[in-house]
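**Q** In order, the protein sequences belong to chains A and B. In terms of full-length UniProt numbering, the numbers along the first sequence are unbroken and rise by one, the last being 323. In terms of full-length UniProt numbering, the numbers along the second sequence are unbroken and rise by one, the last being 320.
Don't read these hints as lab results, they were simulated from the structure. A couple of the hints might just be wrong.
Claimed, not checked - Straight line, CA to CA, 30 Å or less: simulated DSSO-like cross-link-like pairs of lysine-lysine: (1) A:K246 to A:K279; (2) B:K184 to B:K262; (3) A:K34 to B:K165; (4) A:K94 to B:K184.
As the list claims (entries may be wrong) - Far from chain B, some chain A residues (derived; all Cβ distances over 12 Å): (5) D181; (6) L241; (7) A267; (8) V271.
Claimed, not checked - Not close to chain B: a few residues of chain A, all C-beta gaps over 10 Å, as computed: (9) G30; (10) T33; (11) K34; (12) D37; (13) E41; (14) A65; (15) S91; (16) R220; (17) G239.
Built from N, CA and C at the ideal position, the CB exists for glycine as well.
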Amino acid sequence: MHTMTVNQAIASALAEEMRRDERVLMFGEGVATKRADLMQEFGAERVRNTPLAEAIIAGTAAGAAAMGLRPVVDLLFAPFMTLAMDALVNSAGKLRYLSGGQFSFPMVALAHTGAGWGVGAQHNHNLEALFVHAPGLKVVMPSTADDFKGLLKSAIRDDNPVIFFIDLALGEAAGPVPAGDHLVPIGQSVVRRAGCDVTLVSYAKTVGHCLRAAESLAQRGISAEVLDLRSLKPLDEAGLLASVRKTGRLVVVHEASRTCGVGAEIAALVVERAFPLLKAPVVRLTGPDAPAPSSRPLEQAFVPQAPAIEQAVLALLREPALS
Amino acid sequence: MHRPLSDTEQVSMLEAMQLIRRHEERLAELQAAGRAAGTCTAVGQEAAAVGVVHALGADDLILTNHRSAGHLLARGADPGRLIAEILGRSTGYCKGKSGSLHVSARELGIVLTSTIVGGELSLAPGVALAQRMQGRPGVVACFFGDGAACEGIFHEALNLAVVWKLPVLFVCENNQWQAYVHRKETMPQDHVRPWAAAHGLPAVVVDGNDVEAVHAAARHAVDTIRVQGGPCFIEAVTYRLRGHFEPDDQGYVDADELTAWKSRDPIQLLARRLIDRGVLSEGEWAHVRQRVEATLDAAFAFAEASPFPSADELITDVYA
Numbered sequence: 001m002h003t004m005t006v007n008q009a010i011a012s013a014l015a016e017e018m019r020r021d022e023r024v025l026m027f028g029e030g031v032a033t034k035r036a037d038l039m040q041e042f043g044a045e046r047v048r049n050t051p052l053a054e055a056i057i058a059g060t061a062a063g064a065a066a067m068g069l070r071p072v073v074d075l076l077f078a079p080f081m082t083l084a085m086d087a088l089v090n091s092a093g094k095l096r097y098l099s100g101g102q103f104s105f106p107m108v109a110l111a112h113t114g115a116g117w118g119v120g121a122q123h124n125h126n127l128e129a130l131f132v133h134a135p136g137l138k139v140v141m142p143s144t145a146d147d148f149k150g151l152l153k154s155a156i157r158d159d160n161p162v163i164f165f166i167d168l169a170l171g172e173a174a175g176p177v178p179a180g181d182h183l184v185p186i187g188q189s190v191v192r193r194a195g196c197d198v199t200l201v202s203y204a205k206t207v208g209h210c211l212r213a214a215e216s217l218a219q220r221g222i223s224a225e226v227l228d229l230r231s232l233k234p235l236d237e238a239g240l241l242a243s244v245r246k247t248g249r250l251v252v253v254h255e256a257s258r259t260c261g262v263g264a265e266i267a268a269l270v271v272e273r274a275f276p277l278l279k280a281p282v283v284r285l286t287g288p289d290a291p292a293p294s295s296r297p298l299e300q301a302f303v304p305q306a307p308a309i310e311q312a313v314l315a316l317l318r319e320p321a322l323s
Numbered sequence: 001m002h003r004p005l006s007d008t009e010q011v012s013m014l015e016a017m018q019l020i021r022r023h024e025e026r027l028a029e030l031q032a033a034g035r036a037a038g039t040c041t042a043v044g045q046e047a048a049a050v051g052v053v054h055a056l057g058a059d060d061l062i063l064t065n066h067r068s069a070g071h072l073l074a075r076g077a078d079p080g081r082l083i084a085e086i087l088g089r090s091t092g093y094c095k096g097k098s099g100s101l102h103v104s105a106r107e108l109g110i111v112l113t114s115t116i117v118g119g120e121l122s123l124a125p126g127v128a129l130a131q132r133m134q135g136r137p138g139v140v141a142c143f144f145g146d147g148a149a150c151e152g153i154f155h156e157a158l159n160l161a162v163v164w165k166l167p168v169l170f171v172c173e174n175n176q177w178q179a180y181v182h183r184k185e186t187m188p189q190d191h192v193r194p195w196a197a198a199h200g201l202p203a204v205v206v207d208g209n210d211v212e213a214v215h216a217a218a219r220h221a222v223d224t225i226r227v228q229g230g231p232c233f234i235e236a237v238t239y240r241l242r243g244h245f246e247p248d249d250q251g252y253v254d255a256d257e258l259t260a261w262k263s264r265d266p267i268q269l270l271a272r273r274l275i276d277r278g279v280l281s282e283g284e285w286a287h288v289r290q291r292v293e294a295t296l297d298a299a300f301a302f303a304e305a306s307p308f309p310s311a312d313e314l315i316t317d318v319y320a
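Please take these sequences and the hints and turn them into a complete structure.
**A** This is the structure:
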């Protein structure tokens, strides 16, 4: 077991996978400049700077993946992905199906997302639900260094296009990472804290906010279970339902805006599949349906914080039980 | 210099062009009768398709666009399987999941067909990068129109292919039409070539209705790519003789312009040239046309007799 930051975990996963499989290459804006270690070890063929042109970066990745390479592209910031949307959604996500299975698209698109840098709405926008909605893609959004490493390695080995979001505020967060060829499967959630009164479901940095809320709730004698989804597509339905069936109460927490967000899907799923076991209505705590602000206090207010989560749980426990 | 095309090769190219033409016309008839979904044809552009594709080798790959039937048939696609795909049958190249607009055929080196205008330009550098990095010799031919040339991705693709020295043959079939809009409304100049040339790659304009001229330019470009490594660009100036999306009454088309281009029909040009040279008799040309009809009779019969995919196929092939 090593302790490393999320950024180190990402670098370590990239180096290990490039060492393991010569078909893995990486390109994007400033990739070769900023990842000098990779550049030095693997050379200019496999670690490439590109023009500042997200559409051709993503398209080139899709074309290369179709013909047998396993590209990882760095699209820098999630909002830039809107420029790469055609290649990601219409090509990488659809062309396997349209070709009747003749081609596959083993590629990974990395992008930073989330509050923490004060750079405003054109560099900070949680777009994960857009990609979850697009067929043929997988979407992961880890919260710990351990998962960043294990999920990125799995994403690179996956034969499908994976959108890999890196919550900006987590980059320097450190944690233990198992030594060796550490893989975390895509599509499995993990219980970060066990509890029996309410389930707090989240992903990325708001998992930490849920854990802090759970600690505070514990001091009041309330036992909150915190479930970290890690993968948004495929979604670990079994893990989610198992937790909700145990606690009977659900609060979904994410930074992305509410309407048609991942929380809406989770709420619908739980109502469809576990309604008789619910003791109270499902609650969603999300960012507003507004662009992310730049001003730091506003940016922080955008993200559901631990006190708000705690309040939501207290209100939920006061709710009369569903008959 | 390459040897000139032999008489046999030229007759074979004429037959390929006739097969493409009649495939599209017969499909349009089927659509007019309500027996097929609408498609985008490339009637009038057969010389560009056949001229370029016949200059490619077995290792070379093709990316194309929604007017792809010519490229597919020129590459040797089975007309029955192609029509089956267009009619949504399970015997089609993509099991009926692509329809007419996204046909790909890996066995023929047809790597994906895009109906997003410019989508093929987006993928082409990556396909070529995979060829290069995996030590495969093939050149990647990417067919697109003047409409795609007006998209930003055209410049992004050419720029990256030049900077990374990728083996891409960019083929702009300038057919004067961008869906329902004439090229003159959207482009200040007549040609795409200056935009391409500005990216610093060899770029030529060729008469896209003269299959010999297209073929010569394509042979030269493919050789250049094989020797020099980097990309080349060909603009084949041609004309879309039918509408954008069948059925289409072409009510928006300038009749004089259409008539002028019909008088330069690429199939008539080649047939007349071969007859004048004594390579082909009128009788032999009639025989070629009969053979094409027989091929298509069998192909349409095969396609229409083929089953539709079962509903189970709705969710297969989404993930690898």
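**Q** Could you run down the list of hints and mark each one as holding or not?
**A** Hint check results:
1. A:K246 to A:K279: 11 Å, holds
2. B:K184 to B:K262: 19 Å, holds
3. A:K34 to B:K165: 23 Å, holds
4. A:K94 to B:K184: 33 Å, violated
5. D181: 22 Å, holds
6. L241: 21 Å, holds
7. A267: A267 of chain A is indeed farther than 12 Å from all Cβ atoms of chain B, at 24 Å.
8. V271: The claim holds: V271 of chain A sits with its nearest Cβ about 23 Å from chain B, beyond 12 Å.
9. G30: Non-interface label stands for G30 of chain A: nearest chain B Cβ at 15 Å, farther than 10 Å.
10. T33: Holds, because the least Cβ-Cβ distance between T33 of chain A and chain B comes to about 15 Å, which exceeds 10 Å.
11. K34: 19 Å, holds
12. D37: 21 Å, holds
13. E41: 17 Å, holds
14. A65: Contrary to the label, A65 of chain A does not stay out of reach of chain B, its closest Cβ about 7 Å off (not over 10 Å).
15. S91: 6 Å, violated
16. R220: 44 Å, holds
17. G239: 20 Å, holds
Comparing the model with each numbered hint stated earlier shows that hints 4, 14, 15 do not hold.
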